[in-house]
Each structure stands twice: as structure tokens, then as C-alpha cells.
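Colleague: Given the coordinates of chain R, assemble chain S with the ligands onto it according to the supplied hints.
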Amino acid sequence: MIRINNLSKIYNNDIEAIKDISLTINDGDIYGIIGLSGAGKSTLVRCINLLEKPTSGTIEIDGVDLIKLNEKQLREKRKEISMIFQSFNLLNQKNCLDNVCLPLTISKVSKKEAEKRALELLEVVGIKDKAYAYPSQLSGGQKQRVAIARALATNPRVLLCDEATSALDPTTTAQILQLLKDINQKFNITIIIITHQMSVVESICKNVAILDDGFVAEKGEVRSVFSNPQSIAAKRLVFPEGYDDKLITSNKDVKFIRVVFDGDIATSKPLVASMAVEIDVVASIVYASTKSIGGVTYGSLLLSVDNDDEIVKKALDYFTKNEVSAKEVFLNV
Amino acid sequence: MFSIEKIKEALEIVINQFPLALWETIYVTLIATLFATIIGLPLGVILVTGKKDGIKPLPNWLNSFIDLFINILRSIPFLIVMILVFPLTRLIVGTTVGTVASIVPLVIASFPFIARLVESSLKEVDPNIVEMAQSIGATPLQIVTKVMLPEAFPSLLQNLTIATTTILGYSAMSGIIGGGGLGKIAINYGYYRYKYLIMLFAVIVLVLLVQIFQSVGSFVATKSDKRLK
Ligand SMILES: Nc1ncnc2c1ncn2[C@@H]1O[C@H](COP(=O)(O)OP(=O)(O)OP(=O)(O)O)[C@@H](O)[C@H]1O
Ligand SMILES: [Mg+2]
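Those protein sequence lines, which keep their order, are chains R and S. Heads up, the first sequence is in the working numbering, so the first residue is 1 and it goes up one at a time. Heads up, the second sequence is in the working numbering, so the first residue is 1 and it goes up one at a time.
Looking at chain R on its own, in the form it has when it is part of the complex (with noise of 0.2 Å):
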């Protein structure tokens, strides 16, 4: 389990990146920290590792204070703790096996051993056939497989994900994820996944804190917080592109409900007006905001409904059964 607790830092430049930031964290799950650019979510993630020293306050792990401890210690201690990239980080002088093997060899495992655990961790990431190929042959989900496979190559409890896919494409993200998603199960890793990306928390957080200038402004299990946004920071990003208050204020005989698209199917159904020939549910847009990228939608709706469940709970099974992911949300106050 990792505790936060009152964690603040400052910066030489008096920048205070992090305020009084207080999480729990527990084994095996896959928490998400979201916010906008500037929020302090790389100097939060980079603390937990101490890269950074915080000002004060106290990082635990499995009740070990990590500030407490000292140098030698606290390299042990980072061999638990991986971490992987936005830029990778791979060695670009050496290939793939190489690379996964630096955190063994510089834990005096000899040599054969290490090739043995790489070759077996290149076989989990899926790209076994690349092990003697070098980082500038590869593409960017290629590369952070390597960088996942070193990550694991320590058999680490903990994985702190830095924008690890801020620089992928929407269907090599999707793919890493699955990744992280198949690793956290089958290694039981605490995965942290530092992101901008609502999407990414959608896919495969179990729980989520939103970063707002330094705090927390929200946490929770992401369902519950996606689907009721208290915070303003929450709103801003369940919906980036504002949405009418007066629409949903004045209007308290509506029933919300969000539809996501993740890119995992490719929809070309218009499904909102099939919704109302197919099943006599008429929905009245309330907000979108979507994309489509390489004919894959990317985005979010936000629908209003009659104030009836009967009538959402046909909405929500209707999205469903067309795979897509639709949930409730009360924004009625």
C-alpha cells in the first residue's frame, strides 16, 4: 500500500508545485492522476520515487517511510519501484535485450541470467523477435514495450506510468493499456498512470485523483467521479468544452447520461438517431464532443433523456449492447 500524506513541494523558484496532497493507493490497483498541464502531476509522480525531493510530508510504502531512508537504501528501494516514460528512456547505443537487462545487471545478476529474464519479459510485452534490434528501429509502442519490459525486469510492486502514452497514437495507446491492464492482473503491480488524457483513466483506472493547480481537487473510484463531477476541476474535464449550465440547470425533468467512445469499436451508426427509431428513445444532445480518427470515433456525449429510469435504463442497455460504454450521470443540482 502507498500513503501520501500532507505532501507539498516547492521549487528553488518558489513554484509550488504540489500542495498538501494526502492519497492511499492499495496493492493491485490501478490509479489514475489526472490533470491540466502545470497541475503538478509529473513533480507528484517523480516524488513518490523521491527523483525529487519533496518539501515535506511523507511517502509510504508497505510502511516504510521512504524519506526516511538513506541513499543505499532508498536505490533498493527504487528497484521496487519502476517507473516508465513519455520519451521512453531507452539506451539508443543498445538494442532491446540490452536494455532490458541494465536494471538486472546493475543488480549484479550475472549475465546469462539477465539475458534469460529479458528475452522471457520481452515475451510478455510481445515483441520477443525485436531483442537484438535497436531503439531507433523501432516505433513508439515498440519502444515503451521495451520500456515496460525493463520495468518489470526487478520484479517491481509498483509501476509509476509518466504520460506513458502521451506520445502514441490513439490505437498503439489503446494497446498499451491492455498491456498495463494484463500485467497489473497478472503480476498484481500497483500501476500509477499520470495522464492528461480522460480517456486513459476511463480505460483502465480503478480509482482517480484530479489534480488542480497543486491539489487534489477530487477522488475517487472513477466511475463514480466521471459520472458525478463535483469539483470544477472534475467538470472541466468530463466535458473540456464547457457545456450550457442553463441547458441542464433550468431543466430538472431530464435524466443525463454520458456516452463515451474509446476507439475500440469502429461505429459508423448514427446511434442516437438508430436509438430513437430502434428502441422509441428519444435523446436531445446536450453536448459532444467527438472525433474521428482514421474512421474511429473518439469522445464523449453528453444526452438528455426523459426524467424516467425505465426509460435510461433502456438508453444504457441499448449503448451497450452496441458496445459502447454509457453511464448515468447526475448533473442536476
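Some clues are possibly wrong.
What the hints assert, rightly or not - Partial pick of chain R residues on the chain S-facing surface, computed with a CB cut under 8 Å: (1) 49; (2) 75; (3) 78; (4) 93; (5) 103.
Derived from the structure by calculation, the hints contain no laboratory data. Ideal Cβ placement from N, Cα and C applies to all residues, glycine included.
Modeller: This is chain S with the ligands only, laid out in the frame that chain R set:
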């Protein structure tokens, strides 16, 4: 200007003396580069790792001292270095003249230069990669040997080639005060005895040597760079 006779005479000297002189120049250059690298490489590493935001920060005064020390050594002209290190040369080699003796001032004059070149090569290493190494629990020494030096390898090779050709030039200069090799021939025949043809030959061979060192070094450096494949 150059009569047949003079050319004949020059050729004779070239055939008799050049092979040994060439060999002396090459080995003095290589040995001096080797020793200068042995001192300059760790120093260059410290220049990078010891910085305030480096992986093993040193006290400020020590950083300033190393910096100043290198700058001072680098600003003394090579001829003067040779004279200044006479006592040291005598201590190590037993004499201040001759081919072997010229290695000492060459090393002293060029290790600060190599330290700076190493510093610039290591500074090119992506700080994100260094951070990754810290995140996997590598010690500062492991970060240097397993991450920074291998990542900077092509650039280090490129810079060491520059150092070698510079040292080659210095070694020719050391011919003036007792060093051997092609420099000595150029000075002895060209300057003291006005046999310009010999001097010209010696210079041509030196130019060719620099060309060869530079081409081979660049070729190997480029070949070894895995980013370009
Ligand atoms: N090394 C540093 N020195 C000084 N200020 C810093 C440093 N790193 C970050 N900051 C500041 O701290 C604040 C939070 O930065 P941080 O990188 O944690 O944000 P972020 O949420 O990761 O943003 P992004 O999504 O753009 O990566 C910013 O105002 C930034 O300018
Ligand atoms: Mg960041």
C-alpha cells in the same frame, strides 16, 4: 628552386630517416593520447557529475577549483608547458630530451583539453535517460559506466579523434626542444639547415597523418552510432 641534385639528396634523407621519424611520431601521439585520456576522462566525468544538479554533486569550491585548474592549464601555450614541466619530465623519464621525454609535456598539455571534450560529450546525454538510471536504483558509478559513457560513446570517439590530431600537431612542435619524430626532421633540416624540401616532405606526411587519423576516427565513430541505423 629545387635542383635535381637537391631532390636526390632530399630523397635519400627521406628514405633513410622518415620511417623511424614517422613511427616515432605515431607512437608518441598514441601513447600521449592514451595517458592524456586516462587522466582527462575521469576529470571530464567529474566535471559533469559533480555539478550542482549532477548525479554526485561536489562542494562548490571544489568545482570552481577544478574548473580554474583546467582553464589555467589550457591557456598556457604548449611550448611554455614543455619548458615548465622539465622538472617533472626529468623525474619521470630521467631526461628532458628525446622522443619518450616529449610524451610528458604532451600529456600535461592535452589532458585538460580532453577533460573538456569529455565534458561536452557527456553533456549531450539525454538527462531523461540519466533520470531513468536513477529510477532503477543505479549508483552514480553505475550511471557513469553503464549509461552515460556508453550513450556518449560515438561522440567521445569523435572528440578523441580531434584530441589525437591536436596532440599530433603538438608532438611535431615538440621537435623544437628535443622531441623526436617528423617535427624534429622538419625543424632540423628546414629551419637550421635551410633544406626546405625536406621540411616540405615532413609537413606533407604530417598532413596525411592527420587526414588518416581524422577519417578513421570519424568513420568508426559514425559506424558505432546506433542512433543512425
Ligand atoms: N524542476 C523544476 N523547477 C522549477 N519549477 C518546476 C520544475 N518542474 C516543474 N516545475 C513547475 O511546477 C509546476 C508543476 O509542474 P509539473 O511538471 O509537475 O506539471 P504537470 O502536471 O506534469 O504538467 P504537464 O502535463 O505539462 O507535464 C509547473 O508550474 C512547473 O513550471
Ligand atoms: Mg508532466
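Colleague: Which numbered hints are broken by the structure, listed smallest first?
Modeller: none
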